[in-house]
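Asker: Sequence:
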Amino acid sequence: MDWFEEWFNSPLYEKLYADRDEEEAERLIEFLEETLLSEQYHSILDLGCGRGRHSHNLAKRGYEVTGIDLSPEAIKTAKEKADELGLQNTQFKVRDMRDPLPQKFDAIVNLFTTFGYFKSDEENASVLDSVTKMLKNNGLFVLDYLNAEKVKQDFVSEEEGEFQGIRYEIKRYIKNGAIHKDIAFAGERLDKPRVYWERVKLYGLDWFKKEMDKRNLEIIDVNGDYQGGDFDPQRSPRLLIISKLSK
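This note's numbering puts the first residue of the sequence shown at 1, with every later residue one more than the last.
Some hints here could point you the wrong way.
Using C-beta positions, here's what the derived DEER-type ranges look like [what the hints assert, rightly or not]: (1) Asp191 / Gln40: 48 to 58 Å; (2) Phe155 / Arg98: 45 to 55 Å; (3) Lys136 / Asp232: 29 to 39 Å; (4) Glu188 / Glu218: 50 to 60 Å.
Please keep in mind that the hints were generated in silico from the structure rather than gathered at the bench. C-beta: ideal position from N, C-alpha, C; glycine also.
Sequences and hints are given; from them, build the entire structure.
Answerer: What follows is the structure, encoded as structure tokens:
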């Protein structure tokens, strides 16, 4: 089992990252709508949608949204939240992002670093193959990714804390071109200590340019934050790549 299949399906994942609030997701979607999205992008695929934060915000604005994610628990939560919000213009499916859906979309978004989870460069690049198969000609692809150089500069090697009577310890390190997290949980509320891990490949803009060019994904803009700032490898918090499929 790959690390993301186990970790993203754990209830501890949602508890650890409970501070990832709706405001941040809404801010990103507002930026995309103000600068990119329009009526021509009616159908949108949220690739690696998680628990649906961004999908829900897109659906609230009237887009027809499909979200896919490998985690059954995440998809269950996304569906429940959509029902709670009365969003009938959403559908969520358990699916590997390397396995393209049969239909095509006006736009595809891959947000908040849901890229680079696979061990090999070839596997990660195959996600872009899926994108091109599911995107209409001249369709929009938005990739919101970490800024690898900034991560290397600023990462904190150790972190610990507690929530709901559960203690956690996180150890971070860089190895084989990826940022790793080892995450250990302990506490009376757990039947036994639990250990999970994360691994995200550290790709830079040049890698994406090369791989997107191979697949006729023409980069039309690159931003470094959710306010539309220029990308600076040394300073920008994010790497936000906007491209169009030109066949």
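Asker: The hint says 45 to 55 Å between Phe155 and Arg98; measuring C-beta to C-beta, is that right?
Answerer: violated (27 Å)
Asker: Using the C-beta atoms of Lys136 and Asp232, is the stated range 29 to 39 Å upheld?
Answerer: Holds: the Cβ-Cβ distance is about 32 Å, inside 29 to 39 Å.
Asker: For the range 48 to 58 Å, tell me whether the beta carbons of Asp191 and Gln40 fit it or not.
Answerer: About 52 Å separates the Cβ atoms of Asp191 and Gln40, which means 48 to 58 Å holds.
Asker: A range of 50 to 60 Å was offered for this pair. Does it hold for the Cβ distance of Glu188 and Glu218?
Answerer: holds (55 Å)
In terms of the numbered hints stated before, the structure departs from hint 2 and from no other.
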